[in-house]
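Build out the structure end to end from the sequences listed, making use of the hints.
Quick note, the sequences are listed as chains A and B, same order.
Residue numbers for the first sequence follow my numbering, beginning at 1 and rising by one.
Residue numbers for the second sequence follow my numbering, beginning at 1 and rising by one.
If you're looking for bench data, these hints aren't it; they were derived computationally from the structure.
Worth double-checking, as some hints may not be accurate.
Here are the simulated lysine-lysine pairs, BS3-like style, with alpha carbons at most 30 Å apart [said to hold, decoys possible]:
| # | chain 1 | residue 1 | chain 2 | residue 2 |
| --- | --- | --- | --- | --- |
| 1 | B | Lys-333 | A | Lys-82 |
| 2 | B | Lys-313 | A | Lys-63 |
| 3 | A | Lys-93 | B | Lys-178 |
| 4 | B | Lys-199 | A | Lys-97 |
| 5 | A | Lys-63 | B | Lys-115 |
| 6 | A | Lys-63 | B | Lys-343 |
| 7 | B | Lys-260 | A | Lys-97 |
| 8 | B | Lys-262 | A | Lys-97 |
| 9 | A | Lys-93 | B | Lys-313 |
| 10 | B | Lys-178 | A | Lys-71 |
| 11 | A | Lys-67 | B | Lys-488 |
| 12 | B | Lys-199 | A | Lys-93 |
| 13 | B | Lys-576 | A | Lys-63 |
| 14 | A | Lys-71 | B | Lys-199 |
| 15 | A | Lys-71 | B | Lys-117 |
| 16 | A | Lys-67 | B | Lys-115 |
| 17 | B | Lys-489 | A | Lys-97 |
| 18 | A | Lys-63 | B | Lys-320 |
| 19 | A | Lys-67 | B | Lys-313 |
| 20 | B | Lys-176 | A | Lys-63 |
| 21 | A | Lys-63 | B | Lys-486 |
| 22 | A | Lys-63 | B | Lys-117 |
| 23 | A | Lys-71 | B | Lys-313 |
| 24 | A | Lys-97 | B | Lys-333 |
| 25 | B | Lys-488 | A | Lys-63 |
| 26 | B | Lys-313 | A | Lys-114 |
| 27 | B | Lys-319 | B | Lys-333 |
| 28 | A | Lys-67 | B | Lys-489 |
| 29 | B | Lys-117 | B | Lys-137 |
| 30 | A | Lys-97 | B | Lys-233 |
| 31 | B | Lys-178 | A | Lys-67 |
Interface residues of chain A toward chain B, partial, derived using beta-carbon atoms under 10 Å [as the list claims (entries may be wrong)]:
| # | residue |
| --- | --- |
| 32 | Gly-58 |
| 33 | Val-62 |
| 34 | Lys-63 |
| 35 | Ser-68 |
| 36 | Thr-69 |
| 37 | Tyr-99 |
| 38 | Asp-111 |
Ideal placement from N, C-alpha and C gives every residue a C-beta, glycine not left out.
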Amino acid sequence: MPADLNLRLGLPGSDQSDKSNKRSSPETAEDTASNGVPAAKSADDHETAPAPKAQIVGWPPVKSYRKSTAKKAETESGMYVKVSMDGAPYLRKIDIKLYNGYSHLLTALEDMFKLSIGEYSEREGYKGSEYAPAYEDKDGDLMLVGDVPWEMFMSSCKRLRIMRGADARGLGCAQ
Amino acid sequence: MCLFQFQSVMNYFPEEVLEHVFDFLTSHRDRNTVSLVCKSWYSVERFSREKVFIGNCYAVNPERLIARFPRLRSLTLKGKPHFADFNLVPDGWGGHVYPWIEAMAKSGINLEELKLKRMVVSDESLELLAKSFPNFKSLVLVSCEGFTTVGLAAIASNCRFLRELDLQENEVDDLKGKWLSCFPESCTSLVSLNFACLKGEVNVVALERLVARCPNLRSLRLNHTVPLEVLQKILVRAPQLSDLGTGSFTHDPDSETFIKLKNAMKNCHSIRSLSGFLDVNGRCLPAIYPICISLTSLNLSYAPGIFSNELIKLICHCKKIERLWILDTIGDKGLGVVANTCKELQELRVFPSDLYGVGNTAVTEEGLVAISAGCPKLNSILYFCQQMTNAALITVAKNCPNFIRFRLCTLDPIVPDAVTNQPLDEGFGAIVQSCKRLTRLSVSGLLTDQVFLYIGMYAEQLEMLSIAFAGDSDKGMLYVLNGCKKLKKLEIRDSPFGNMALLSDMGKYETMRSLWMSSCEVTLGGCKTLAEKMPWLNVEIINEHEAGEGEGEASCDDRHRVEKMYLYRTLVGPRKDAPDFVWTL
Numbered sequence: 001m002p003a004d005l006n007l008r009l010g011l012p013g014s015d016q017s018d019k020s021n022k023r024s025s026p027e028t029a030e031d032t033a034s035n036g037v038p039a040a041k042s043a044d045d046h047e048t049a050p051a052p053k054a055q056i057v058g059w060p061p062v063k064s065y066r067k068s069t070a071k072k073a074e075t076e077s078g079m080y081v082k083v084s085m086d087g088a089p090y091l092r093k094i095d096i097k098l099y100n101g102y103s104h105l106l107t108a109l110e111d112m113f114k115l116s117i118g119e120y121s122e123r124e125g126y127k128g129s130e131y132a133p134a135y136e137d138k139d140g141d142l143m144l145v146g147d148v149p150w151e152m153f154m155s156s157c158k159r160l161r162i163m164r165g166a167d168a169r170g171l172g173c174a175q
Numbered sequence: 001m002c003l004f005q006f007q008s009v010m011n012y013f014p015e016e017v018l019e020h021v022f023d024f025l026t027s028h029r030d031r032n033t034v035s036l037v038c039k040s041w042y043s044v045e046r047f048s049r050e051k052v053f054i055g056n057c058y059a060v061n062p063e064r065l066i067a068r069f070p071r072l073r074s075l076t077l078k079g080k081p082h083f084a085d086f087n088l089v090p091d092g093w094g095g096h097v098y099p100w101i102e103a104m105a106k107s108g109i110n111l112e113e114l115k116l117k118r119m120v121v122s123d124e125s126l127e128l129l130a131k132s133f134p135n136f137k138s139l140v141l142v143s144c145e146g147f148t149t150v151g152l153a154a155i156a157s158n159c160r161f162l163r164e165l166d167l168q169e170n171e172v173d174d175l176k177g178k179w180l181s182c183f184p185e186s187c188t189s190l191v192s193l194n195f196a197c198l199k200g201e202v203n204v205v206a207l208e209r210l211v212a213r214c215p216n217l218r219s220l221r222l223n224h225t226v227p228l229e230v231l232q233k234i235l236v237r238a239p240q241l242s243d244l245g246t247g248s249f250t251h252d253p254d255s256e257t258f259i260k261l262k263n264a265m266k267n268c269h270s271i272r273s274l275s276g277f278l279d280v281n282g283r284c285l286p287a288i289y290p291i292c293i294s295l296t297s298l299n300l301s302y303a304p305g306i307f308s309n310e311l312i313k314l315i316c317h318c319k320k321i322e323r324l325w326i327l328d329t330i331g332d333k334g335l336g337v338v339a340n341t342c343k344e345l346q347e348l349r350v351f352p353s354d355l356y357g358v359g360n361t362a363v364t365e366e367g368l369v370a371i372s373a374g375c376p377k378l379n380s381i382l383y384f385c386q387q388m389t390n391a392a393l394i395t396v397a398k399n400c401p402n403f404i405r406f407r408l409c410t411l412d413p414i415v416p417d418a419v420t421n422q423p424l425d426e427g428f429g430a431i432v433q434s435c436k437r438l439t440r441l442s443v444s445g446l447l448t449d450q451v452f453l454y455i456g457m458y459a460e461q462l463e464m465l466s467i468a469f470a471g472d473s474d475k476g477m478l479y480v481l482n483g484c485k486k487l488k489k490l491e492i493r494d495s496p497f498g499n500m501a502l503l504s505d506m507g508k509y510e511t512m513r514s515l516w517m518s519s520c521e522v523t524l525g526g527c528k529t530l531a532e533k534m535p536w537l538n539v540e541i542i543n544e545h546e547a548g549e550g551e552g553e554a555s556c557d558d559r560h561r562v563e564k565m566y567l568y569r570t571l572v573g574p575r576k577d578a579p580d581f582v583w584t585l
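What follows is the structure, encoded as structure tokens:
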């Protein structure tokens with residue numbers, strides 16, 4: 001069931017559709033610090049998956065302490081990179097610092113996107129699997145995930161892209 | 001024997017006997033009740049009461065408290081309204097604890113315990129507290145603000161018999177002070193220490209020494225700056241802990257430190273409650289498997305770094321869990337595993353992990369249904385979900401007639417039934433009809449007046465109700481006010497309830513602790529009428545925009561809708577510490 005399909009059939013005479021517009025505050029309200037002054041929105045907030053609805057003050061009702069802890073954890077630790085998958089409507093973001101190595105990362109990607117990636121081999125890349133993970137490095141080049149040592153990958157990976165196996169064949173070749 | 005005869009018999013007993021009998025009454029409600037029986041019972045009760053609970057700090061004042069209960073030893077105070085948790089109450093609203101501490105200090109009250117929730121606690125308050133009460137033993141601060149580590153240092157330095165320092169989810173300015181080092185060498189009485197909400201580093205050597213010299217330490221919750229190496233050392237020194245909050249839980253799982261930690265954990269046979277994991281590496285989790293089997297309480301809701309499959313592996317070990325707080329990253333599948341494994345589960349809280357985006361990591365009605373089917377002892381739930389259906393709620397109601405607390409939050413506040421597109425009235429109706437012992441309810445999703453008809457009809461034990469973006473007309477609110485006889489707290493936001501509902505039964509509010517209404521249809525005129533007719537209520541209007549601009553004509557117009565209104569019963573009239581933007585009518 002697509003998450004963005006929210007049909008609202010209002011009862012006759014009710015103004016359900018008006019209600020959310022009337023009540024909701026502009027999106028800066030969500031990041032408002034408790035003293036009422038809007039905090040500067042970090043670039044990250046815009047780059048995370050599209051937010052079609054204006055955010056409402058105090059909804060979902062999560063304690064501000066919990067929110068600020070989550071936000072802090074995100075900004076402090078993260079090595080966040082965008083992950084796109086060919087054919088998916090929107091991107092995800094993951095913190096590659098949370099992973100211990102390639103197998104951990106790939107398992108997580110398989111879990112997140114509900115697909116299988118298969119075994120890496122230096123000679124043939126991810127041959128035989130439906131999808132192959134690639135990444136954009138500091139120079140802007142599209143690289144196959146797994147070629148370089150994990151630490152080097154962590155520092156050079158700017159963005160991840162899960163490509164369909166057919167498209168990735170060129171990347172899998174040994175040289 | 002009728003009450004009159006019984007009373008006469010009781011009056012033959014000396015007061016000491018009455019007092020001894022009252023000692024068995026521990027609940028403050030029971031003690032309040034016996035104090036109403038007759039003058040002599042009132043008198044005996046008030047001189048013997050040591051623990052007092054005040055649900056709204058503005059309902060009484062310190063002087064009256066002290067006058068009535070001179071033997072007070074333990075005080076619980078609550079300040080701001082609940083919706084303050086969600087940024088709906090501006091800073092500076094009130095809820096200061098200082099006047100209470102000052103009054104008790106001046107009157108020679110022998111305060112030993114202080115528990116505060118949603119109050120403003122300044123460093124001065126903490127310093128005064130620390131210096132005024134030589135037998136002070138326990139400080140519990142929940143969702144408070146206004147203090148820094150300087151105040152904590154005062155507590156650590158001066159409270160010679162301190163047993164408990166429990167800081168839960170407070171906003172604390174961490175000035176990187178050495179508060180932990182302020183516990184003197186002579187302090188060996190600590191039983192409970194929780195500083196998980198502090199953001200700064202602590203002196204880990206001082207921490208280890210403190211733990212080593214407090215043999216009665218049962219509960220320890222660290223903050224995220226305490227690394228795993230230190231946790232390992234602490235566990236070696238304190239294997240008797242029953243409640244542990246880890247700090248950071250990330251390390252190289254192949255290292256010697258980690259192996260030492262695993263061994264230390266195995267020795268902790270008493271741990272029943274586990275929390276923390278504020279910074280976590282999933283591969284380190286197996287270290288806790290040996291203690292999982294005995295856990296009754298597990299809080300992983302501050303650990304976004306644990307993935308669904310790792311969570312599931314962990315849960316499989318937790319067969320005795322009674323209280324579980326997790327993030328929705330667990331997924332419906334994970335909740336299915338919980339349902340199959342955790343047969344002792346009583347309380348479940350599933351928090352949203354994706355607070356800023358629109359990802360689809362959330363749980364749905366499936367997870368809730370699975371839990372209701374698998375966990376026969378479930379009685380309390382807080383569930384943030386992507387979607388819900390009436391059919392699911394009806395099934396849940398059938399499976400779990402024992403709910404005491406039922407709080408459902410759909411991420412989209414007015415989302416309809418995901419299958420039928422109907423309002424969720426029938427689903428919540430089934431819940432209130434089936435759960436006869438329900439005392440707390442939060443509703444969400446698309447809801448009409450009908451749901452309130454059900455609530456008014458069936459929720460006879462309901463004490464607290466939270467409403468947001470719901471209802472069509474005044475009738476909705478009326479159903480609730482007329483029906484729920486035990487209602488104590490009602491909080492409503494963004495719903496079309498107006499003066500007609502507000503003013504229909506004004507006496508009702510004297511039977512309740514408080515009413516909050518924001519972004520509804522009540523007008524200034526309506527609130528003024530209520531304030532005029534009900535002298536035992538404080539009707540407060542919060543006007544954030546008007547502050548500092550003087551009183552614009554528009555804002556004084558009685559026909560103007562009031563943005564935020566908070567009213568509560570009180571014995572002491574309008575409060576004197578209200579800021580500019582709060583008008584008490």
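Pair hint A:Lys-71 and B:Lys-117, alpha-carbon separation not exceeding 30 Å:
Given pair A:Lys-71, B:Lys-117 holds - Cα atoms ~23 Å apart, limit 30 Å.
May I ask you to test the interface hint for A:Asp-111 with respect to chain B, counting a Cβ-Cβ separation under 10 Å as satisfied?
holds, 6 Å
A:Lys-71 and B:Lys-199 were given as a pair; does the straight-line alpha-carbon distance stay at or below 30 Å?
The hint holds at about 13 Å.
Next pair to validate is B:Lys-178 with A:Lys-67; report whether the Cα-Cα distance is within 30 Å.
holds, 27 Å
Is the Cα-Cα distance between A:Lys-67 and B:Lys-313 30 Å or less?
Holds, at about 27 Å.
Does the structure keep B:Lys-176 and A:Lys-63 at a Cα separation of 30 Å or less?
Holds, because 24 Å separates the two Cα atoms, which is no more than 30 Å.
Are A:Lys-67 and B:Lys-489 close enough, with their CA atoms no more than 30 Å apart?
holds, 25 Å
Checking one constraint from the list: CA of B:Lys-199 to CA of A:Lys-97, max 30 Å. Satisfied?
Judged against 30 Å, a Cα distance of about 21 Å means the pair holds.
Tell me if the straight-line CA distance from B:Lys-178 to A:Lys-71 falls inside 30 Å.
Within the cut-off at roughly 26 Å; holds.
Taking only the CA atoms, is the gap from A:Lys-97 to B:Lys-333 under or equal to 30 Å?
holds, 26 Å
Regarding the pair B:Lys-576 and A:Lys-63, is the alpha-carbon distance no greater than 30 Å?
holds, 28 Å
For the pair we were handed, B:Lys-319 and B:Lys-333, check the Cα-Cα distance against 30 Å.
Since the Cα atoms of B:Lys-319 and B:Lys-333 sit roughly 17 Å apart, the hinted pair holds (cutoff 30 Å).
Figure legend: structure checked against the earlier numbered hints; hints not met, in rising order: 3, 17.
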